[in-house]
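Q: Hints in hand, dock the two standalone chains.
So the chains spell out like this:
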Amino acid sequence: MSAARLPVAANKVWVFYAFALPFAALTLIFGLWPILLSLSVSLTKSATALRPEPDYVGLANYMTVLTDPIFLRSLFSTLLYTGFAVAANLAFALAYAILLHSTLIGPGKTFFKIAMFLPVVTPDIAGYAVWRWLFDQSFGAVNAFIEILGLPPFGGISSPDTVFAAVLIAELWHHVGFYILIFLANLAICDRSLEEAAKIDGATRWQRIRFVILPQLRPALVINGVYAIIQFLKTFTVVVVMTKGGPNGATNFVSFYAYRLFDQGRYGEATAMASILFFIVAAVALAAYRLGERGRA
Amino acid sequence: MKEPLALRVLAYGVAILCSVFFLYPYWWMLLGAFRSTEAVLTNPLALWPEQWDLTAYRNMATVGGVSIWSYVWNSIAITTGSTVLGVGITALGAYAMTRRPDLIAFRILRSGFLLTMMYPYMLLVIPVYIVMFKLGLLGTYAGIILFLALGPIQFFLFEQFFRSIPGEVIEAAIVDGASEWQVFRMIVLPVSVPIVATVTVITFLLNWAQWFPVLVISRSPETYTLPVALLNMTGELGVNFQGIMALAAVTTVPATIVFLVAQRRVMQGMSDGAVKG
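Protein chains in written order, with our numbering: chain B, 506 to 802; chain U, 746 to 1022.
Simulated from the structure, these hints should not be mistaken for lab results. A portion of the hints provided could be inaccurate.
Said to hold, decoys possible - Among chain B residues calculated to face chain U with C-beta under 10 Å, some are: (1) S543; (2) V647; (3) R710; (4) W711; (5) L738; (6) F741.
As the list claims (entries may be wrong) - Pair ranges (Cβ atoms, derived): (7) B:R723 - U:A942: 25 to 35 Å; (8) B:R723 - U:R753: 20 to 30 Å; (9) B:T615 - U:T885: 39 to 49 Å; (10) B:D573 - U:R964: 28 to 38 Å; (11) U:S965 - B:V562: 28 to 38 Å.
Where a beta carbon is used, it is the ideal one built from N, C-alpha and C, also for glycine.
Isolated chain U, as found in the complex (with noise of 0.2 Å):
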C-alpha cells in the first residue's frame, strides 16, 4: 500500500511531536542537574548546558542527614531482594496453583489474593503499618522486602505460563516414577527461563520505583530508597533546584538502562500480565 506523502509527512510530525513531550522532561532534568540554578532561572529552555556544573553532584554527600549512599544502597538491597523473593515465591505458588485448580483452598487462596491485590495500594499502606507494627517488622528491611514481594503481574505471568506446559509432559515423568520437586526442577524449570527473566526485570522496575510501603513501614531514614529521598528532598525547606535534579537523575538512570537493555522483554511482559488478568 503506498500512503500519500503529505498524510505520511504529518503522521510523523504527530508522532515526534509526541515523543518529544514523553522525552523532552528527560533531558530537561538531566540539563537541570548540571546547570546551576541562575543558569535555569535566566534561560529555562536552554538545549545544552553552558558549563558542565558539577556542584550538585559535589553537595550530594548527604541528603537529610543521612549519606547518599545509604540510599544507594537501600534501593540496591531492597529491590533485588524483594524481586529474588517475590519471584521465586510466586513461581511456586503459581505453579502449584496451576497444576492443581481442583483443591478447595488453593481456589479461596487465589480469590484472597486478588482480592488483596484490587485494594487500592496506598490505602492497604495504612493497615500494613499496624501490622508491622504487631509483627515487630516496623523499620526493618525485612518488613519491607517481604511487603514489596508480591505484585499482580507477576502473579498472572506465572500463571499463564504453568498454563501453557502440556500436561502429557508432566504425567509422563511421573508414570516415569519423577517425584513432584524433580519435574518441577528437570522439567518446569528449565523452560521456565524466559518467563523468569521477564518477571525479574519488571519487578526489578516496579519494585525500585516504589516508595510509599518504603516510606510508611521504615522509622528513620536510615531505611529510605532513593525515591523516598527524592520526596524527602523536595519537602524541605529552600529551593535546591539543581540538587532536586541531581537525585532524580541519580533515582532514573538505572531504571532507564535497564528498560532499554531489555525493553521487548518489559513491553511483551506488562501487556501480557495485563491483558490475561
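Chain B on its own, in the form it takes in the complex (with noise of 0.2 Å):
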C-alpha cells in the first residue's frame, strides 16, 4: 500500500478531481446507477417498470420468484452445477500447474502454457459454439471418437443425465487456464530451497507436493476459489449458445433464467431475481474469502 507517501502539493486537489472525472462518471452512470436502478425495479410492477412513474409493489416479485418452482429448481441446479464446476477446474487447474512447475518438464513448457491459455482469449461465443458441435449426435468428434474406443456413446447436451457433464467441459476448457495462470504465478514465487531440502532429507515426490508444495499455494487457492465460485455461479453464456436451458430445463440457471424473464418483458421478475443471485454470490464469495483469511493467520 501507498500509506508511506505523503500527498505533495495539497491545494491543487481539483487537479486530481479533474483526471478522475470520466472514471467517476462512468463509474457513476454505468455501474452504480443501474444497480440502484435494477434494486428499484425490483420493487416495481413490471408493466410500468420504464415509465417515469412505475407502480411499487413492495417485496412482491420477490415473493413470486421465491414461490415459483421453476425458480427453485433452477436454484438448485445452480448452485450443484456450480459444486461440480469449482471442484472440477481447481482440481485439474493445481494438478496441471504442479506437473507444468515441476523438473519433469523442461522444454516446451511454453508451448503448454501458450495451449492452456489460448482458450481463455477466444472469445467464449466461438469456443462455445464449435463445443455444441463438438458434441453432437451426428458431426460430432466426441462420439465419433468414442465410438473408436468402443464405448457407449456419450449423450452431450441432448440428454438431461449427461448435458452437466458435457456444459462443464466446455467450461473449463474455456476457464481453467486462467486458473493454473494463478497457480503457476504462486509456484513461481515459492521457495525451491524447502523442496530440495526435503527431498534430500528423503521425502517421497508425493510427500513434498503434498507437505511442502500444497501450504505455499494456499493465496493461488483462495483467489482462485474464489473467482471460480464467482464465474460458475453466474454462468451464462454456455447456457446460450449450446443448451438454451434444456433439454427438460435441466440446464436453466438463474442467470439464464433471469435473462429470459428480461427478455419476455418481465423486469421486475428479473430483476428481483439478480438481486437474489447477487446476494448469494456476495456472501458466498464473502465466506470463501474469509475462510482463507482465517486460514492464512
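A: Have a look at this one:
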C-alpha cells in the first residue's frame, strides 16, 4: 500500500478531481446507477417499470420469484453445477500447474502454457459454438472418437443425464487456463530450496507435493476459489450457446432464467432474481475469502 | 536434478494430451470451415480436408440480412474505441486515486467501482438497458463503447503500477515548479509505456470477445459485432454447420493472432491484475 507516500501539493486537489472525473462519471452512470435502478425496478410492477412513474409493489416480485417452483429448481441446479464446476476446475488447474512447474517438464514449457491459455482469450461464443457441434450426435468428433474406443455413446447436450458434464467440459476448456495461470504465478514465488531440502531428507515426490508445495499455494487457492465460485454461479454464455436451458430445463441456471424473463418484459421479476443471485454471490465469495484469510492467520 | 526417464515420459504424455484437449477444438473449427457438411458427416475425425471447400466463405456475404463487413467493421470500431477510451480514462482515474488516496471522495469512488465490478455482469446488463433507454443511447455505438470502457483488471493493473512509482521523484519535480499536468505528462507517462501496452492488449482481447452488452444495447443487427452475429447464426433454423465454423474462425483468428504476438505480456498482465486485486 502507498500509505508511506505523503500527499504533495495539497492545494491542487481540483487537478486530481479533474483527472478522475471521466472515470467517476462512467462508474456512476454505467455501474452504480444501473445497480440502484435494478433494486428499484425489482420493487415495481413489470408492466410499469419503464414508465416515469412506476407502480411500486414492495417485495411482491421477490415473493413471486421465491415461490416459483421453476426458480427454485433453477437455483438448485445452479448451486449443484457450481459445486461440480469449481471442484473440477480447481483440481485440474492445481494438478496441471504442479506438473508444468515440476522439474519433469523442461523444453516445451512455453508451448504448453500457450496451449492452455489460448482458450481463455478465445471469444467464448466461438468456443462454445464449436463445442456445441463437437458434442453433436451426427457431426461431432466426441462421439466418433468414443466409438473408436468401443465405449457407449456420450449423450452430450441432448440428454438431461449428461448435459451437466458436457457443459462443464466446455466451460473448463474456456476457463481453466486462467486458474492454471494463477497457480503457476504462485508456484513461481515458492521457495524451491524447501523442496530440495525435503528431497534430501528422503521425502517422496507425493510427500513433497502434499507437505511442501500445497501449503505454499494457499494464496492462489483462495483467489482461484473466490473467482471460480463467482464465475460459475453466473454461468450464462455457455447456456445461451449450447443448451438454451434444456434439455428439460436441466441447465436453466439462474442468470439464464432471469434473462429470459427480462426478454419477456418481466422486468420486476428479472431484477428481483438478479438481486437474489447477487446476494448469494456476494455472501459465498465473502465466506470463501474469510475462510482463506483465517486459514492464513 | 536428474529425473527418472519413465516419469519424464509420463509427464510429457500428460502435458501433450492436455494440450491436444486445449487445441483440438481450434483445429476442428478450422477444418469444419473448409470441409463440406457432407464430408464432416461422413468422417468427423479427419485431420485434413479432403478438398479445400470455400463455399462457406463465398456464401458469407450476409448474416441475418446484414453484410459480413458490417460486423467486421463494428467489431474493429467498437473494440478499438472502447479500448482507447477505457485505457485513457482508467489510467487517469487510477493515477489520481493512487496519488491522493487520502481524499474521501476517491475512497468512495474506489468502493463504488469495486462494488460495480463484483455485481454479476449479465445481471448488470439488464438494468443498463434501462439506463441506455433513459439516456437515449439504445442502439448507438456511443452507448456500447462507453459501457465497455471500464473493467476491473485494467484498473488493478494501473493502480498497482502507479503505486510503484517512487513518491520522491514526483515531489522533486513539484519542488522544481512542475504543474500536476506536467508531472503526469513528463514523468509518469514515459515510464508507463509498458503498462499501457499490457492493459491495451488485454482490454482489446476482452472487449473483442464481448457479446452480451452489445446484444442488449443494440436495437438492430446494424450495431452487432462478430460474436453477436455468430450467436445469431447458431440460433437460426436449419443447420449451416460449415457457415457457423467459418464465422467462428473469423471471430477467433484475430484474437488468436493478437494473443500469440503478445502472449508473455497478456499472461503476465492477467495474472498480476487478478492476484493483486
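Q: For every hint, state whether the structure bears it out.
A: For each hint, the structure was consulted:
no., hint, verdict
1, S543, "holds, 4 Å"
2, V647, "holds, 9 Å"
3, R710, "holds, 8 Å"
4, W711, "violated, 12 Å"
5, L738, "holds, 8 Å"
6, F741, "holds, 5 Å"
7, B:R723 - U:A942: 25 to 35 Å, "holds, 32 Å"
8, B:R723 - U:R753: 20 to 30 Å, "holds, 29 Å"
9, B:T615 - U:T885: 39 to 49 Å, "holds, 43 Å"
10, B:D573 - U:R964: 28 to 38 Å, "holds, 30 Å"
11, U:S965 - B:V562: 28 to 38 Å, "holds, 33 Å"
Figure legend: structure checked against the earlier numbered hints; the only hint not met is number 4.
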